[in-house]
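Protein sequence lines, in the order shown, are assigned to chains A and B.
So in this note's numbering, the last spot in the first sequence is 105, and the numbers never skip.
So in this note's numbering, the last spot in the second sequence is 356, and the numbers never skip.
Treat the hints with care, as some may be off.
[Claimed, not checked] So these bits of chain A aren't anywhere near chain B, every CB distance computed over 12 angstroms:
# : residue
1 : 39
2 : 43
3 : 53
4 : 71
5 : 99
[What the hints assert, rightly or not] Taking CB as the label site, the calculated pair distances span:
# : chain 1 : residue 1 : chain 2 : residue 2 : range
6 : B       : 165       : A       : 35        : 30 to 36 angstroms
7 : A       : 51        : B       : 239       : 40 to 46 angstroms
8 : A       : 67        : B       : 337       : 18 to 24 angstroms
9 : A       : 74        : B       : 258       : 32 to 38 angstroms
[Stated by the list, open to error] Rough simulated footprint, nothing fancy, chain A against chain B, three-plus residues with beta-carbon under 8 angstroms:
#  : stretch
10 : 164-178
11 : 225-231
Since the hints were made in silico from the structure, they are not lab data.
As the structure is a prediction and not an experimental result, all values here were calculated from the model.
Think of the CB as a built atom: it goes at the ideal place given N, C-alpha and C, for glycine as much as any other residue.
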Amino acid sequence: MKVEVRVYPREGVLDPQGKAIAAALGRLGHGSVRDVRAGKVFFIELAGADPKAAEADARKMAEELLANTVIEGYDVKVVSP
Amino acid sequence: MKFGIVVFPGSNCDHDCHHVATALLGCEAEYIWHHERDLKGSDVVILPGGFAYGDYLRAGALARFSPVMESVAAFAKAGGPVLGICNGFQVLLEAGMLPGAMQINRGLRYVCRDIHIKVENDATPFTSLYEKGSVVTMPIGHMEGNYTAPPEVLDALEGEGRVVFRYCDLQGRVTDAANPNGAARGIAGIVNREGNVVGLMPHPDRCAEPLVGNDAGRKMFESAVAALAAR
Numbered sequence: 025m026k027v028e029v030r031v032y033p034r035e036g037v038l039d040p041q042g043k044a045i046a047a048a049l050g051r052l053g054h055g056s057v058r059d060v061r062a063g064k065v066f067f068i069e070l071a072g073a074d075p076k077a078a079e080a081d082a083r084k085m086a087e088e089l090l091a092n093t094v095i096e097g098y099d100v101k102v103v104s105p
Numbered sequence: 126m127k128f129g130i131v132v133f134p135g136s137n138c139d140h141d142c143h144h145v146a147t148a149l150l151g152c153e154a155e156y157i158w159h160h161e162r163d164l165k166g167s168d169v170v171i172l173p174g175g176f177a178y179g180d181y182l183r184a185g186a187l188a189r190f191s192p193v194m195e196s197v198a199a200f201a202k203a204g205g206p207v208l209g210i211c212n213g214f215q216v217l218l219e220a221g222m223l224p225g226a227m228q229i230n231r232g233l234r235y236v237c238r239d240i241h242i243k244v245e246n247d248a249t250p251f252t253s254l255y256e257k258g259s260v261v262t263m264p265i266g267h268m269e270g271n272y273t274a275p276p277e278v279l280d281a282l283e284g285e286g287r288v289v290f291r292y293c294d295l296q297g298r299v300t301d302a303a304n305p306n307g308a309a310r311g312i313a314g315i316v317n318r319e320g321n322v323v324g325l326m327p328h329p330d331r332c333a334e335p336l337v338g339n340d341a342g343r344k345m346f347e348s349a350v351a352a353l354a355a356r
């Protein structure tokens with residue numbers, strides 16, 4: 025079973041990487057860019073066939089390690105059985 | 126009087142701390158490999174600077190799962206003095222032993238230079254020999270020193286006098302210009318509620334003898350010796 029965990033800076037938390045990327049995109053001529061937030065994606069393969077259990081596992085992983093919930097939010101998607 | 130210096134894969138200021146404890150202060154010191162659980166009778170534990178686990182994922186994020194951290198947490202819970210310097214501070218944050226988190230410096234660059242900090246709490250085991258309100262110069266060297274925490278946590282830290290050091294100018298003014306990394310409210314170092322776990326981004330270990338042109342950091346180590354002697 026494959027799950028994806030996206031981790032990103034929380035709304036309102038300063039995201040200097042996103043700001044720098046937004047500025048660079050602007051300089052490249054992408055004038056429509058209003059804001060960028062930069063995060064990470066974890067592609068995780070899990071044993072087992074229960075998507076609910078996989079999602080619960082992945083959430084626990086995000087809480088325990090993948091995200092620092094002081095500054096980061098996350099979401100979990102079960103991609104394939 | 127024994128300093129226990131934790132060594133993670135990627136720690137690189139462990140020898141600096143060992144040198145201060147032994148050669149400069151005449152104390153015993155022991156390296157504690159991160160796989161060990163035995164703190165070897167340490168009276169003080171230091172988490173040194175460096176790049177534990179290559180700072181993979183987030184600075185300090187993986188180090189907190191090293192076996193030694195359970196022992197360090199138990200040591201701290203029993204009242205033992207723990208000091209986290211730079212990467213060691215980041216580990217303490219990730220481990221939840223101190224509140225808040227580190228973001229990338231607002232300038233997006235690694236900053237390596239001398240800065241000034243104001244001593245705001247002289248009641249910790251690592252700052253008792255400093256004068257409250259005094260301005261101390263120490264070097265910093267980090268990419269993630271932009272301290273942040275929810276506003277209510279910052280308010281609590283300030284309200285409870287748990288901000289130990291703040292970035293300032295030579296006159297002791299806490300200004301935005303004197304803040305090298307964007308840290309919330311200029312915070313350079315904090316202490317836990319119990320008062321025995323201190324973390325700071327500047328490097329007292331790198332400025333503890335006249336040979337290197339600055340010995341302002343020496344008192345942090347001497348304070349620990351004094352605190353234990355007073356027990």
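Results of checking the hints against the structure:
1. 39: violated (8 angstroms)
2. 43: violated (9 angstroms)
3. 53: holds (22 angstroms)
4. 71: Nearest chain B Cβ is 21 angstroms from residue 71/A, so the label holds.
5. 99: At roughly 18 angstroms from the nearest Cβ of chain B, residue 99/A sits farther out than 12 angstroms, so the non-interface label holds.
6. 165/B <-> 35/A: 30 to 36 angstroms: violated (46 angstroms)
7. 51/A <-> 239/B: 40 to 46 angstroms: Violated, since residue 51/A and residue 239/B (Cβ atoms, about 33 angstroms apart) do not stay within the stated range.
8. 67/A <-> 337/B: 18 to 24 angstroms: violated (46 angstroms)
9. 74/A <-> 258/B: 32 to 38 angstroms: violated (60 angstroms)
10. 164-178: violated (count 0)
11. 225-231: holds (count 6)
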